[in-house]
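Peer 1: Chain residues, written in single-letter form:
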Amino acid sequence: ETGVTQTPRHLVMGMTNKKSLKCEQHLGHNAMYWYKQSAKKPLELMFVYSLEERVENNSVPSRFSPECPNSSHLFLHLHTLQPEDSALYLCASSQDQGFNQPQHFGDGTRLSIL
Amino acid sequence: AQSVAQPEDQVNVAEGNPLTVKCTYSVSGNPYLFWYVQYPNRGLQFLLKYITGDNLVKGSYGFEAEFNKSQTSFHLKKPSALVSDSALYFCAVRVETGANNLFFGTGTRLTVIP
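As given, the protein sequences belong to chains F and U, one line each in that order. Each residue of the first sequence is one higher than the last, beginning at 1 in the numbering used here. Each residue of the second sequence is one higher than the last, beginning at 1 in the numbering used here.
Below, in silico cross-link-like pairs of lysine to aspartate or glutamate (EDC-like), each with a Cα-Cα straight-line distance of 16 Å or less: (1) K41(F) x D9(U); (2) K49(U) x E66(U); (3) K40(F) x E8(U); (4) K36(F) x E84(F); (5) K41(F) x E8(U); (6) K77(U) x E8(U); (7) K18(F) x D85(F); (8) K40(F) x D9(U); (9) K19(F) x D85(F).
If you're looking for bench data, these hints aren't it; they were derived computationally from the structure.
The whole structure should be built from the sequences, with the hints applied where relevant.
Peer 2: Structure representation (structure tokens):
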């Protein structure tokens, strides 16, 4: 599926670096999401945007900063990360926030913190 | 609190045999249930959903799932497994009220043996 594109696919960074993850959806959806996927744990919802407004922030540390400049693009700005932040970060989108709407996922960014 | 349990970390099945991947849920309110599949180095792909109506729902790639309200279960099934079905499967639930969260299970790795 190429509806949701994430770049880069892999990222290695030191704890003092600043980097950004990018997500772009080509599905005309109005809601976008950031998830963290760690081994043996359920996916953790980080942020939800609807029509470019943040509607959910699940107690995510401030070293993660999302940005949604328009309904097709979503960024996750990273700074001063910790080793436990190493994970697969998934972006998703859905038509809207309706409870019956499936979410469409990108292939993720594999993040490794040195 | 809402939660999803996938009691089996790993399921092995011979090619051509029927497969079942188990999921139980705990929610307050009416559940909206989803199954996703994740292939190596890829994001999650939507397979099927239960919203209301017929308890047996059919989805992509020949998969189906049965909603059982009394047992609070939503097991994924396929009559005849293919080697290409080998992947990580996630069950997820949303509810009509409260937070805008899609709650995921920890995933079940399905291996289809040729």
